[in-house]
Amino acid sequence: MLRFLVVFFVGLSFAHAQVTVPVDSLPTRLLSSITIQASREADTLQRFLLANKAMTTEEMLAKLQGVSLIRRGSYGQEPMIQGMTSGQLNVTIDGMKMFGACTDKMDPVSIYVEPQNLQSIAVQPGAQGSRLGSTVGGSINMQLLQPEFSPTKFGGILGVGYQAVSSGINAFTNGNYSTDKSAFNYSLNYRKANNYRAGGGEEIAYTQYEKVNVTLAGKWKTKQGFWSANVLADDGWNIGFAALPMDVGSAKARIAAIEYEHAQCHGFFSAWSAKVYYNSVQHSMDDSHREDVLMHMDMPGASTTIGAFWEGKMHPVGKHVFSFRSDFFYNDVLAEMVMYPEDGNPMYMQTWPSSARADFGLFVEDTYTINKTSKLKASVRWDAAGNFLHEGIGFDQALVFGDVEEHSFQQAKSISAGLRKQLNTRLVVEWNLAYSDRLPSLSELYGFYLFNRNDGYDYIGNPNLVTEKSASSDLALSFFSKHMEVSVSGFYKDLRDYIYPTTLTNLSAMTPGANGVRLYENSASAVLMGLDFSLLASFGKRFQIMSSMKSTRGIDAESKALPLIPPFSGNVILKYFVLKQISVQAECDAAAQQDRYNTEFGEDATSAYAVYALRLQRESGIKGISVACGVENLFDKKYHAHLDWGNIPRPGRNIYVNFSYRF
Amino acid sequence: MKLTNYLSLAMLVTCVSLFSCSEDEVVVDPTAGLTKITEGIATDAGVKVELWAKEELFVGYNPVFVALYDAETNKRITDAHVSFGPLMTMTTMNHACPFENPTSENATGYLFPGSITFIMGSGDMGSWKLAVNVHNHLSEKEGSAELDVVVSTPTVSRLKSFVTTTGEKYFMAYTFPDKTKVGVNDISFMLYKKETMMSFPGVGDFTMSMEPEMPAMGHGSPNNVNPTHIANGAYAGKVNFTMTGDWRLNLQLTKGDLVQDVFFDVTLN
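Quick mapping for you: the protein sequence lines, in order, are chains A and B.
To convert, note that position 113 of the first sequence is 164 in the working numbering; the numbers rise steadily by one, no gaps.
To convert, note that position 51 of the second sequence is 1499 in the working numbering; the numbers rise steadily by one, no gaps.
Everything labelled a hint here was simulated from the structure, so no lab data went into it.
Glycine residues also receive a C-beta, built at the ideal position from the N, C-alpha and C atoms.
You may find that some hints are simply not true.
Take a look, some chain A residues computed to stay more than 10 Å from chain B by CB distance [unchecked claim]: (1) Thr107; (2) Lys114; (3) Ile208; (4) Val211; (5) Val372; (6) Pro392; (7) Lys423; (8) Gln448; (9) Val451; (10) Tyr500; (11) Asn557; (12) Ala643; (13) Gly653; (14) Ser671.
Estimated spans, in silico, between C-beta atoms of each pair [said to hold, decoys possible]: (15) Glu609(A) with Phe1624(B): 34 to 40 Å; (16) Tyr391(A) with Val1604(B): 15 to 21 Å; (17) Lys1484(B) with Leu450(A): 30 to 36 Å; (18) Leu450(A) with Ser1609(B): 30 to 36 Å; (19) Glu1487(B) with Arg341(A): 54 to 60 Å; (20) Lys1502(B) with Leu450(A): 21 to 27 Å; (21) Val1604(B) with Leu450(A): 53 to 59 Å; (22) Ala435(A) with Thr1603(B): 52 to 58 Å; (23) Val389(A) with Thr1603(B): 55 to 61 Å; (24) Leu450(A) with Gly1533(B): 39 to 45 Å.
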């Protein structure tokens, strides 16, 4: 905490430094949660990160305010917002709900989006994220690049890159074709990495991956709006997960969506859009590359979702601006396991029984302008959901624990209010209060002997789980000037019926070597709190600084530390423009020691670390070649972050180079 | 007009023909799903005997079903007293095995159900004959059909035996009343004591506890129900299979000071 305060004051002191008034200053401000819905634009920080063509979407997420990543493998890291993950978050692509097909969470939805197809990522912590679904943790919405209507008929980019630490290559192309009435874009992305070397030179096994991503989108103008259609296909194979006992043999995702946007309305609405979508994920785990396998097993999983939503904004009614969203999705999952003993017959079971959730939700929000300097935003969301356990082997399995209902119905509600006040031309304060529920996930309801490598327990689902409830408050103070934006925000969440595992001593584990069995239960309570800080500043025409820091603390009902809570960590990026098109950048990523950990979940203390990077970039203009190169983990430090399962070391010194040609 | 007349006529004809169906034609095949083992004639009773079972006869508990027909008219006989007399003829001696006679003199679904628990297989050691004794209530005649049966010895044993310290010999077998599946399964264990070469009565005074496990993985399953005695040496319980594959049902039998461990290997596909 003290360390944070020191950094904070140092940061603030920058804010008070004298700045001259140059011609070009920072283009956009950090989007606060109140203004974020209005825009699809990437904020300055994201545009900054998108400029690094080798970066993956997950690497980008890790640098955003409030976001951490749980790392089980070098690709396929699971996002976390302010200490909350998975079923507590909405992770969507263009507003579409998508659910992983892997019981071990090796396939978070963020792996299907490449930075090449990203327009922006909208991260809304807490109940502010409830526009997109019932949530206590917030939402991450990855907005895909839409086809552009531009006077240039056809333009695009071709690029290739190499990363020495894993002998990895990436190649990509994207392009936009536009006519008067229609526009199309495509993107193609290929990545291949071998095992990487950690600091000190040790090769870390099972960190390889290979994948291909293709997207195609079309947009057509109508009299009053646009039709758009897009498809995405993402195939990954041979993806290593060093922290888990198995790797990914293949992961295939398919997404298709059709949307209609209506602008310039005369009736109630100022704009509305409607979308219908489908996505499916086929995932299979693979242990054939592992040595010392006690028993070979196949673990295929499938998750299919169909959904639709209609959202819009009304014309102002007095000082009120209403917006709404009504959405529906149906998600069907099945995860199977076949084990092959040396002597004997194969054993088949369903770790996620064939089951489904249907969810219908309604969201309404009002932004009320109190006066020139104050705005009040209030929103409510209501979800009605059905959980279905389909007849068959999965249902029969569940009967070993007693009678099970074929279906159950649940509701989730959320209500939030926020006040944004412009204290003066430079200072803005924002205070949000919210109460929200989130529905338990299908894995938490129906999972059957899911082995958790981190704590060594087999997890059983609990069909009687009720919604997790959160009462939260957050306060943010932001300072804006022509050349600087600084923002500090703190949050406090009181969680009730927190979904947390309980060890069942009367049941024996199924996985050989497991410590026992745990059941998901609504435990008494938990508290999460933290502070986030971010800074963007420019000095003169040439110098830019970006920095973000986060600190979280989680406490369970018995005042013990919650598992998987990151320590105080942050990054600083210094960028210097040698010429208009040539820039150098120095970065530091650091984390403090994490002493607050939970041994019952297999955690241990994690040492503090700081890693540095140097980057050099030459951007082309509208056409031409861009080059980026640099060194990451400059001093080849061997380290891992607290959220890295199995304490697997992160990559060591990486020299990389990227070429891209814009045509 | 004419069309409706034709339709009405058609309907009338259909109705009449439906209602005039004789009872004999609306019969559900009583032996659906069963295998016919063999048949014979109990000459003195004037009865043709058919022996049916769930599968070919094996060493272990075999639920069997007897169908009776009048030897001359071939009409089914559903009221008779049926009893069994299994006998294995070996080189040096003969012996019987445990069995259950049909409890009722009225057929259930045209069949008389019982069971034979063969304790050895047919082969070099000897051969089995099953006497089916019939007291025909219609004709008041009695007779016996001597059926030759072949009893196979399964590779995975479905019959276990043990001898206690006091020299008593017991035989134990099991049966699943329904097709086995993942989840909860009813199961029955049969325990018989060998009194003599010819008499193997059911034993009901043991206490059984059951622990299923998968030997390949070393884990069990939750919420099984220990078998408890129902009647005539049959103990009913519930076994839970959490997945397909090879399972071992471990049983511990206790009576007073006597403690005996028995296991059966079962494969669920």
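Taking the hints in turn, this is what the structure says about them:
1. Against the 10 Å criterion, Thr107(A) stays outside the reach of chain B, whose nearest CB is about 37 Å from its own CB.
2. Against the 10 Å criterion, Lys114(A) stays outside the reach of chain B, whose nearest CB is about 43 Å from its own CB.
3. Consistency note on Ile208(A): stated as away from chain B, and its beta-carbon is indeed over 10 Å from all of that chain's, at 50 Å minimum.
4. Every CB of chain B lies more than 10 Å from the CB of Val211(A), the least distance being 47 Å, so the non-interface label holds.
5. No beta-carbon of chain B comes within 10 Å of the beta-carbon of Val372(A); the shortest separation is about 55 Å.
6. For Pro392(A), the condition that its CB be more than 10 Å from all CB atoms of chain B is violated, with the nearest at approximately 4 Å.
7. The claim that Lys423(A) lies off the interface holds: its Cβ sits roughly 65 Å from the closest Cβ of chain B, which is beyond the 10 Å cut-off.
8. Separation of Gln448(A) from chain B is inadequate, the least Cβ-Cβ distance of about 5 Å not exceeding the 10 Å criterion.
9. With 10 Å as the threshold on Cβ separation, the claim that Val451(A) sits away from chain B is violated: the shortest Cβ distance comes to roughly 4 Å.
10. Separation of Tyr500(A) from chain B is inadequate, the least Cβ-Cβ distance of about 7 Å not exceeding the 10 Å criterion.
11. The Cβ of Asn557(A) sits about 8 Å from the closest Cβ of chain B, inside the 10 Å cut-off, so the non-interface label is violated.
12. No Cβ of chain B approaches the Cβ of Ala643(A) within 10 Å, the least distance being about 41 Å, so the stated non-interface status holds.
13. Annotated as non-interface, Gly653(A) keeps its C-beta farther than 10 Å from every C-beta of chain B; the closest such distance is 20 Å.
14. Against chain B, the non-interface label of Ser671(A) holds: every CB pair exceeds 10 Å, the least being about 58 Å.
15. Taken as a hint, the range 34 to 40 Å is violated for the pair Glu609(A) and Phe1624(B), whose Cβ atoms sit roughly 46 Å apart.
16. Taken as a hint, the range 15 to 21 Å holds for the pair Tyr391(A) and Val1604(B), whose Cβ atoms sit roughly 19 Å apart.
17. Between Lys1484(B) and Leu450(A) the Cβ separation comes to about 35 Å, which falls inside the hinted range of 30 to 36 Å.
18. For Leu450(A) and Ser1609(B), the Cβ-Cβ distance of about 33 Å falls inside the hinted range of 30 to 36 Å, so the restraint holds.
19. Hint check: Glu1487(B) to Arg341(A), Cβ distance near 58 Å, so the stated range 54 to 60 Å holds.
20. Checked against the given bound of 21 to 27 Å, the beta carbons of Lys1502(B) and Leu450(A), roughly 24 Å apart, stay inside it.
21. Judged by the Cβ atoms, the range 53 to 59 Å given for Val1604(B) and Leu450(A) is violated: they are separated by roughly 26 Å.
22. Here the CB-CB span from Ala435(A) to Thr1603(B) is close to 55 Å, well matched to the stated 52 to 58 Å.
23. Against the hinted window of 55 to 61 Å, the Cβ-Cβ separation of Val389(A) and Thr1603(B) comes to about 23 Å, which falls outside the hint.
24. Distance hint check for Leu450(A) and Gly1533(B): the Cβ-Cβ separation is about 42 Å, which falls inside the suggested range of 39 to 45 Å.
Checked against the numbered hints above, the structure violates hints 6, 8, 9, 10, 11, 15, 21 and 23; every other hint is satisfied.
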